[in-house]
Amino acid sequence: MDDQQHHHMIPLKIYIQVLVLLLVLTAITVAAAQVNFGPWNTVIAMAIASIKAGFVLAFFMHLKYDDKLYRVCFGTAIFFLIVLYAFSKLDIVTRIVVEPFQ
Amino acid sequence: MSTVKTATSGHHHHAHHYESAEHEYVTSKFGTWVFLVTEIVMFGGLFVGYILFHEKFHEMFHAGSTFLNWRLGALNTVVLLFSSLTMALSIYYAQLGKKSLVLLNLYVTLACGFIFLTVKYFEYTHKFHEGLFPGALFSYDGPEAHQFSNLGMYFSFYFVMTGLHGSHVIAGMGLITWLIVRAHRGEFGPEYYTPLECTGLFWHLVDLIWIYLFPLLYLIG
Amino acid sequence: MATATHDPNKNYINEKSGIWSWLTTLDHKRIGILYMISVMSFFAIGGTFAMLLRWELFSAGRNIMDAHQYNQVFTFHGAIMVFMVIIPGIPAFLGNFILPLQIGAKDVAFPRVNLMSWYCLMIGAAIAFFSLFYNGVDTGWTFYTPYSISTQNGTLLMVVGAFIIGFSSILTGLNFIVTVHKLRAPGMSFWRLPLFIWALYSTALLQILATPVLAITLLLLTAERVLGIGIFDPKLGGDPVLFQHFFWFYSHPAVYIMILPAMGVVSELIATFSHKTIFGYKAIALSSVGIAAVSFFVWGHHLFVSGQSEVAGILFSFITMLVGVPTAIKVFNWVATLYRGSMRFDSPLLFALGFIFLFTIGGVTGIILAVIGVDVHFHDTYFVVAHFHYVMVGGTLMAIMGGIYYWFPKMFGRMVNEFWARISFVLIFVGFNVTFFPQFILGAMGMPRRYYDYLPEYQSLNRISSVGAWTIGTGFLVGLFVIIHGMRKGVKAGPNPWGGKTLEWQTASPPPHENFHVQPVVTAGPYEYR
Chain D
1 MDDQQHHHMI
11 PLKIYIQVLV
21 LLLVLTAITV
31 AAAQVNFGPW
41 NTVIAMAIAS
51 IKAGFVLAFF
61 MHLKYDDKLY
71 RVCFGTAIFF
81 LIVLYAFSKL
91 DIVTRIVVEP
101 FQ
Chain L
1 MSTVKTATSG
11 HHHHAHHYES
21 AEHEYVTSKF
31 GTWVFLVTEI
41 VMFGGLFVGY
51 ILFHEKFHEM
61 FHAGSTFLNW
71 RLGALNTVVL
81 LFSSLTMALS
91 IYYAQLGKKS
101 LVLLNLYVTL
111 ACGFIFLTVK
121 YFEYTHKFHE
131 GLFPGALFSY
141 DGPEAHQFSN
151 LGMYFSFYFV
161 MTGLHGSHVI
171 AGMGLITWLI
181 VRAHRGEFGP
191 EYYTPLECTG
201 LFWHLVDLIW
211 IYLFPLLYLI
221 G
Chain R
1 MATATHDPNK
11 NYINEKSGIW
21 SWLTTLDHKR
31 IGILYMISVM
41 SFFAIGGTFA
51 MLLRWELFSA
61 GRNIMDAHQY
71 NQVFTFHGAI
81 MVFMVIIPGI
91 PAFLGNFILP
101 LQIGAKDVAF
111 PRVNLMSWYC
121 LMIGAAIAFF
131 SLFYNGVDTG
141 WTFYTPYSIS
151 TQNGTLLMVV
161 GAFIIGFSSI
171 LTGLNFIVTV
181 HKLRAPGMSF
191 WRLPLFIWAL
201 YSTALLQILA
211 TPVLAITLLL
221 LTAERVLGIG
231 IFDPKLGGDP
241 VLFQHFFWFY
251 SHPAVYIMIL
261 PAMGVVSELI
271 ATFSHKTIFG
281 YKAIALSSVG
291 IAAVSFFVWG
301 HHLFVSGQSE
311 VAGILFSFIT
321 MLVGVPTAIK
331 VFNWVATLYR
341 GSMRFDSPLL
351 FALGFIFLFT
361 IGGVTGIILA
371 VIGVDVHFHD
381 TYFVVAHFHY
391 VMVGGTLMAI
401 MGGIYYWFPK
411 MFGRMVNEFW
421 ARISFVLIFV
431 GFNVTFFPQF
441 ILGAMGMPRR
451 YYDYLPEYQS
461 LNRISSVGAW
471 TIGTGFLVGL
481 FVIIHGMRKG
491 VKAGPNPWGG
501 KTLEWQTASP
511 PPHENFHVQP
521 VVTAGPYEYR
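Residue numbers (the working numbering), protein chains in the order written: chain D, 1 to 102; chain L, 1 to 221; chain R, 1 to 530.
To be clear, the hints were calculated from the coordinates, so they are not data collected in a lab. Among these hints, one or two may not hold up.
[What the hints assert, rightly or not] If you want the footprint, here are the derived chain R segments under chain D, 3+ residues with CB under 8 Å:
no.	segment
1	236 to 247
2	289 to 302
3	310 to 317
A virtual CB, placed ideally from N, CA and C, is assigned to each residue, including glycine.
Put together the whole structure using the sequences plus the hints.
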């Protein structure tokens, strides 16, 4: 007989609420894109996207309730991507070049 | 029609090197997360490239994004978000032993995938019609192309990123089809739904990537 | 599954017969042997390319090939050795065989994924070799743009092949991480894991986190060649140096994928053949993880003269030197373990000692190259070539040989001929130094690498180097015979011919299909000799 552990079940209500929230955030993203916030455009869009991503991760992908090890996995991947970006960017901005494309 | 089944399978035997079905479940789930790490890093590399060039050619990227139909992009976003819900629900109902609802949600998820790909098909063909091809095939000759001589680079990123994403949608749909076959056979229930869980994680990742692709390609500028 | 009726004459080799049973096996031990055969075959091919290179370089001017062919030969030598030999060599061969045994498990977490990883290697290799029919590849194994975009030959096939081989590495790493987390025997805490496992685990972290970046890089290179997407093409505002950033973000951690498992093997050999508890177990274990972590922050030292900014170069230079710290910790701890040990100078230990000596030279010369001011002169010279051969051949390959001879009785139930194994060691060790030490000098004298021809003042050292190469080749051929002879006619071995303390020695040689007849329960650390 298997030692059946009862796995955590997220209530149906929560799933629906999360979807609604995601749809609302999508609408906000689109609305925000109609306004020009200048250099903040990208930041705002990415921030909203990250909030949406957070909800998908926490609820649909169960990260909120699961072994913390999975969060470490996810966080580690993001961390090293940041490293790839940061050091490449550092190189690019500190080069002394003449830009052919303006 | 909808028979509530409390214990389906009873026929699932966990592989010999695991101590129990539970052991197999957590191990498979962990393995899926490790696999997702590799997918995140791979797509992430592409995103890093995109961000670096977006920062270098800000106006050109903005011009490129005006060719994209944000309404279609938003529609696809809604479709994928909804499909994430139905994917999660297929697991929910498996935990309750409700086979027909498992199947319903899997079918809807699959249908959402079809809708997504159909929308993309129309987007792609429309672009090709305009001469907006990736890379060296780029032949659009309008005002934006005269203003930005490397406008083709934006579309290189567009096609590679959405193409790679689309190939993962197709792969996900293949997995879901396989799940549908197994669900029809009655293989899933409260005691065993590991493949649903693992495929679900993969499908949610595909959704996650689109959550970022949509604003980065369609809305930014 | 306790003591069911088990046949003491049955083991993983004779349990099922026929080639099909091997090609569809899910047994990690059989998969390890499949990898062994593949890796050794690829090594023979890559080694043949090396012999051809050294023959051509025996004298200045043309000897046996023209410049165009030369470019292809060093490209194939590099690509085969890096992707098909050194990266999979220890993890996929020795690791697959030994890891589940050392943690007391019945198999790896995902046996089917394991088999798939072998097919990824074989299919990827086949595609890569197919490029020979399309004028080969002449870009060097590093595929730098813009040349790799424009060169009209089989480059695409090799790139696609490397992409697929990358999945072999990823899947192996995935399996190992999950296996170590989830399938350890009762009582085996992380601090009771053998150091080989710590090494494989650290390697697996690199395989998971770094290889996908290679995947996307090769994918983008393919898109450049096929569609002309222009991300690395300056004509379209692209950045060829960015290719190098992306490529080395993987390839630097890749060299630690190559060396970490080797260090893990050395730890096992030193402990067993000193018959002594390893000195500084936790330091060695954590240094593996430390090396893996630091390896992600140093890739720019391959770009010092590529157009990377000085600021970035200085930062990368500084961080690179830090990697010497955890590495040195290992070397000191190994030496401290040897001190006052009860030594057996069998061939596995000879290879371990050879490793310590040669790897130290290789590592120290790496630190030399890390100094950006020095690298400006040494970059793309034979100094670099000597450095990486010291660590990859003097390091990893020595460890593979030591590991093969150490675990040979476990894998095949027989001992190798000690005398000829030692002969092979002497030939390899001496031949290696004769081949590569002169290359440090050649590099310092200014001889560039990847050059088909050279100035007359470089000739005598090149001759010595070539003679050394043939000596190594002979040594490996002897080693091959030792292995084949041992498999067929070696003296039968018991479960624990070396007196090792790790779990693999608690089961029969060769092990049964399920590894252990009774589930082991661990109550002590792995090196408790005294």
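- Broken hints, numbered, in rising order? No numbers; nothing is violated.
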